[in-house]
Amino acid sequence: MNTDLRIRLGPAELPNPVVTAAGCAGAGRELARFFDISTIGAVTTKSVMLEPHAGRPAPRMAETPSGMLSTTGMQGPGVDVFLQRDLPWLLSRGGRAIVSIAGTGMGEFGELARRVSEADGVSAIEVNLACPDPADPGGRYFVDDPASAAAVVSTVRSHARSDVPVLAKLSADVPDVVELATACVEARADGLSMINTVRGMAIDTRTLRPAVAGGIGGLSGPAIRPLAVGCVYRVHEALPDVPIVGMGGVRTGEDAVEFMAAGASAVAVGTTNFSDPSACARVLRQFTEALESRGVERAVDLVGAAHRSGVGA
Amino acid sequence: MNTDLRIRLGPAELPNPVVTAAGCAGAGRELARFFDISTIGAVTTKSVMLEPHAGRPAPRMAETPSGMLSTTGMQGPGVDVFLQRDLPWLLSRGGRAIVSIAGTGMGEFGELARRVSEADGVSAIEVNLACPDPADPGGRYFVDDPASAAAVVSTVRSHARSDVPVLAKLSADVPDVVELATACVEARADGLSMINTVRGMAIDTRTLRPAVAGGIGGLSGPAIRPLAVGCVYRVHEALPDVPIVGMGGVRTGEDAVEFMAAGASAVAVGTTNFSDPSACARVLRQFTEALESRGVERAVDLVGAAHRSGVGA
Amino acid sequence: MSDNGPVQIRCPVLNVRRVDAYYAITVVAPGVAERFRSGQFVTVGVGGDHSSTLLRRPFAIHDVKPDYGGTVEFLFAVRGTGTAWLSERRSRDLLDVVGPLGRPFPLPRDPVNCVLVGGGSGSAPLFPLAQALRRRGCRVDFVLGAASSDRVFSAITARRVAETAVFTTDDGSFGTRGQVTDVLGRVIEEARSDAVYACGPMPMLRAVTAVAGEHGVPVQVSVEETMACGTGICMTCVIPVVGEDGVTRMVRSCVDGPVFRGERVRFDDVGSIPFDALGAPGWKGSKAARAAESARDIA
Amino acid sequence: MSDNGPVQIRCPVLNVRRVDAYYAITVVAPGVAERFRSGQFVTVGVGGDHSSTLLRRPFAIHDVKPDYGGTVEFLFAVRGTGTAWLSERRSRDLLDVVGPLGRPFPLPRDPVNCVLVGGGSGSAPLFPLAQALRRRGCRVDFVLGAASSDRVFSAITARRVAETAVFTTDDGSFGTRGQVTDVLGRVIEEARSDAVYACGPMPMLRAVTAVAGEHGVPVQVSVEETMACGTGICMTCVIPVVGEDGVTRMVRSCVDGPVFRGERVRFDDVGSIPFDALGAPGWKGSKAARAAESARDIA
Ligand SMILES: Cc1cc2nc3c(=O)[nH]c(=O)nc-3n(C[C@H](O)[C@H](O)[C@H](O)COP(=O)(O)OP(=O)(O)OC[C@H]3O[C@@H](n4cnc5c(N)ncnc54)[C@H](O)[C@@H]3O)c2cc1C
Ligand SMILES: Cc1cc2nc3c(=O)[nH]c(=O)nc-3n(C[C@H](O)[C@H](O)[C@H](O)COP(=O)(O)OP(=O)(O)OC[C@H]3O[C@@H](n4cnc5c(N)ncnc54)[C@H](O)[C@@H]3O)c2cc1C
Ligand SMILES: Cc1cc2nc3c(=O)[nH]c(=O)nc-3n(C[C@H](O)[C@H](O)[C@H](O)COP(=O)(O)O)c2cc1C
Ligand SMILES: Cc1cc2nc3c(=O)[nH]c(=O)nc-3n(C[C@H](O)[C@H](O)[C@H](O)COP(=O)(O)O)c2cc1C
Ligand code: FES
Ligand code: FES
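If you're matching them up, the sequences are chains A, B, C and D in order.
By the working numbering, the letter at position 303 of the first sequence is numbered 303, and the numbering carries on one by one without gaps.
Here the working numbering = 1-based position in the second sequence + 313.
Here the working numbering = 1-based position in the third sequence + 626.
Here the working numbering = 1-based position in the fourth sequence + 925.
Keep in mind the hints are simulated off the structure, nothing from the lab.
Since we're looking at a predicted model, the values are computed, not measured.
Hints are not guaranteed to be accurate.
[To be verified] Now the in silico label distances, taken between C-beta atoms and shown as ranges:
no.	chain 1	residue 1	chain 2	residue 2	range
1	D	1013	C	789	45 to 55 angstroms
2	A	134	D	1102	37 to 47 angstroms
3	B	519	C	811	27 to 37 angstroms
4	D	1009	B	328	45 to 55 angstroms
5	B	417	A	121	36 to 46 angstroms
6	D	1012	A	292	35 to 45 angstroms
7	D	1097	C	641	43 to 53 angstroms
Each residue gets a CB set at the ideal place from its N, CA and C atoms; glycine is no exception.
Please take these sequences and the hints and turn them into a complete structure.
This is the structure in structure tokens:
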């Protein structure tokens, strides 16, 4: 069977729905040693900031049941190096780039959006809203307040080249993910990515101290999949026309089916890249087989199937 | 070594910190076939409502990575049967009862508090705040709004016998768990239980339909432990004098150590009772051994250890 | 703690065999074997201590033997994660087993004629039942159905134990093509059956109950609902069943079942909460119904 | 895809042996064996496909052999979940192995005198290193330390391969009581060492680097940081290291290491972000530093 795997994220078309999650695949170079990165839908690059960032102190990770806590603090070399070294490399290998950007305020987000979208060959910009909002007295993230999140999205949208779609990256541990999603879409996000890591903590029972530096870390991996699927389902129900990149604990092709049935147009593989460096290629293969065995001819037909009864049953 | 395992929840003293989580142990009768329920700290009984409730349609559960989704809808025979049949049975076996109550509004919460606290031998009342607030247009739970939660706690506190401590049961998927906890304590909760299940969802990839009836279910089990530990840690940091019953994915004695180091005075075993009916007895044994091997003489000394450096290291 | 209640034991695997489309595992579990009555089941922990699959898997007990102090055998088809893992066990591995669980098949006092109807792996609990009935002098007839010949359960044993054994397969690869209910009426007539026992998927149980009803014969059905705990504490396995008092309750199939009187199960309403069930939305119970409730006890 | 890069293979276990306090596992992994250079490591998936422990465990490669197309051996102590699971593997089980990973030990061009210092399981990578050095005509001396005698690694092999082998244990149960650094200075003097190679816990590496510095001898250290991916994509394994340009960067110990020049590692700042590290809070890099950054490449 010749399954049509193509999907759209606003104006961008990807050859298939399997992409990497931001911060879980670098800019594709390391994983390219394990599979041909031009075969997957896109590489979402690690959130890039304007300046180099050293990230957070160690220990930066702890294993938890079916998940991990991490706190890398967006370490990276800054946008100059990214645009001169990492992005060209990815494009030279035939990869597609969804570039994740992270700013410390509106000015930075605007400049990042402008510079990244001016670079040739960027398929989409993903806005990492899980960054501390300098205007918030409690040090909350932009994502924690729909108005702040919308302001960032609006800034990015107005600074980015108009043909480059802007995806807003949402978190699950917010008061109301549908309200947040709606605010971002009203601020002209072309699509939504969800979910980011969920705030969590572990205590090292040997030292009786928090297991990651700073205490709170971001929980990722299959443990959070039900939270992620729930968010995708509810947001797709409320905003059925908005493309969603679903992520959170995707490990197999069946998990990709689950996210797409819930309403995602594309599915990102994050933590699983750590445990299986060829995971993206495997998930894409398993996903393709899953469509074939169900007789689904076009991947887009699966999107939101769980909202309709009788589809593919 | 003669480890002192006693802990206090406000005016109530329990012989040790291991209790069952509400809705995960009935009223102790079924588990009593596997271990002597008088040996554990207490049995927190399934949330009892004023009237009989048939609960939600099937399917009511789905397995997820290191967790499960459930939606039982507080099925139960109502408070009459509970007080005539279940509570006396538990007390007759030497068990201690933390009675969880769930109301559909202030009137019911008040009546439940009065009737339950008038029954002899109740160690504490736990207020299940994850009940739909009839006054909320969006059908949110009391727990989703600190003011509504506080109103329920205040009602329960004023209707319950004054020597019976009232514990407010909190959820993790709320805007700000510390704000919620503070509101409940200001409404005179004697202690806090956390966390309840977290809203999540799974799609059955065979039928492409939501795996539990109604779509959204409650996620429990080790998968959510990092969320639970994070809540306990942050609430204990803000309210160090308020006793906390910590729960969410406790599977072993080490997990109990983790919760207590984060700030819990007692630890509840929930989903693990399903997978291991003698879990409570095992967790208590492992916990006791863990204290002994660390040379900790009193269980209370462990409470909040992760907030102090150098303790027990 | 009680002597008749279930026990939890880590028991060594004696052997794992393939039987057509099924695996048969025998474990050494004296405490389970000595308490067992036909119709009861065990739950088995799968995946080891650090598995991401938390929930125990329920399996009907297919056979108990006195060897090694008492062994228990269950049969299963590989369906998902848990059964795949079980199929890879080898002898001497340890399994975490809880059992025997659930309400057994009630046995007739007199030596009556019984027809036992099984679908697929649902046939498993009927074999110890057949033996128990035979010991009481009952006539036993079997009707076993499955999707295909390799899914028909222990045909040879069925023929040996029973007066007659009729087989049906969906694809006609063995016995009659069709469903067990296509032949059940005829068997009831010919064997002059006084009682029907059935175990299998819900739609089959419903159809069997209907056929038995048409012939005026009482039927005991054993249901296979998904179960999170198997011990009665999670309330995830409930189905609507009419009580002796005529009131429908959402009862736990793990402790109040898995065996129920067929006529009592509201098959049409499985998966929903019937409006007239005790405590259904809008339900207003009389004081009397509530008092009756207090009198009932946990099984 | 590149020929020198690591590969991921499901490889059969050839055997599992106990060696004192350690387990040694040999797997058939031709792709790993043929690419291997001493100092590199493998990561191994633990717990199977449905395990709740997601992360791969890193282990130094202790030996490669040409048998069966290429075998790889690693040694480990049981510490937690993953190593406990590994210790229960049997021959013919399949392991998911990725390797060889990381920057190998740089080898001297000339036949110089090298002292190899190992602590506990950190001695593992020094054995293939010793062989490589011997093949280049280098003199090799060993200093191996551990908590107790059963944790001293392959003492016999060390004695066979090396000119001299000195052992230390914390409890004095084997060799000298004390730390490797108590004897290292003397060994460097007596063996007229030109280079030191060390692998073990961070405090040991720091002390060894100090001793080597006092003797004016260059030192290569191999660090054992916790690693979530081992392939360079997660940024959880970083330590502060001074680059050739004098700038401190938080570098990944999995791909930029695990082998570093000892003097370059800011041992005092491991676990923190030094204020002068590239991109540290408040750091203001010059345009020049940023340009230099662009020129650098991923190892
Ligand atoms: C009382 C009882 C007796 C049973 N006896 C037998 C038997 O003798 N032989 C046999 O082959 N099977 C039997 N089953 C069904 C058996 O429990 C399932 O096949 C098994 O749980 C599937 O597990 P899995 O991990 O392979 O499937 P998965 O799909 O991975 O399981 C996921 C979850 O769904 C549940 N589940 C999946 N399928 C079923 C099912 N058909 N029935 C109930 N729960 C299910 C699992 O228990 C688990 O919680 C019985 C079920 C019950 C309730
Ligand atoms: C490059 C490198 C090479 C290594 N070589 C060896 C070797 O040859 N022999 C050997 O015995 N050990 C070696 N280690 C340490 C080994 O990786 C750990 O002992 C092992 O990961 C512990 O896993 P666990 O599941 O038993 O412990 P757990 O405590 O259950 O592990 C939990 C998490 O912490 C990590 N972790 C725990 N202890 C360590 C540690 N000491 N170092 C790094 N990560 C750790 C685990 O990888 C896992 O992610 C090496 C480590 C590194 C980084
Ligand atoms: C180590 C690590 C680093 C991450 N870095 C980023 C990042 O830079 N930007 C971002 O938007 N999300 C980041 N994430 C979140 C992931 O993109 C993803 O949303 C989340 O991990 C859930 O998916 P998963 O369970 O498949 O990992 C990171 C996650 C991890 C585990
Ligand atoms: C099947 C099921 C039923 C539950 N019923 C209740 C309940 O009636 N009242 C309540 O406060 N919490 C209820 N809970 C939540 C638990 O008490 C506990 O807070 C939660 O499951 C987290 O703990 P665990 O991960 O150990 O299960 C229920 C949980 C489950 C899984
Ligand atoms: S399976 Fe838990 S109550 Fe029946
Ligand atoms: S372990 Fe992931 S970058 Fe080093």
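Taking the hints in turn, this is what the structure says about them:
no. : hint                               : result
1   : D:1013 / C:789: 45 to 55 angstroms : holds (50 angstroms)
2   : A:134 / D:1102: 37 to 47 angstroms : violated (56 angstroms)
3   : B:519 / C:811: 27 to 37 angstroms  : holds (33 angstroms)
4   : D:1009 / B:328: 45 to 55 angstroms : violated (33 angstroms)
5   : B:417 / A:121: 36 to 46 angstroms  : violated (58 angstroms)
6   : D:1012 / A:292: 35 to 45 angstroms : holds (41 angstroms)
7   : D:1097 / C:641: 43 to 53 angstroms : holds (51 angstroms)
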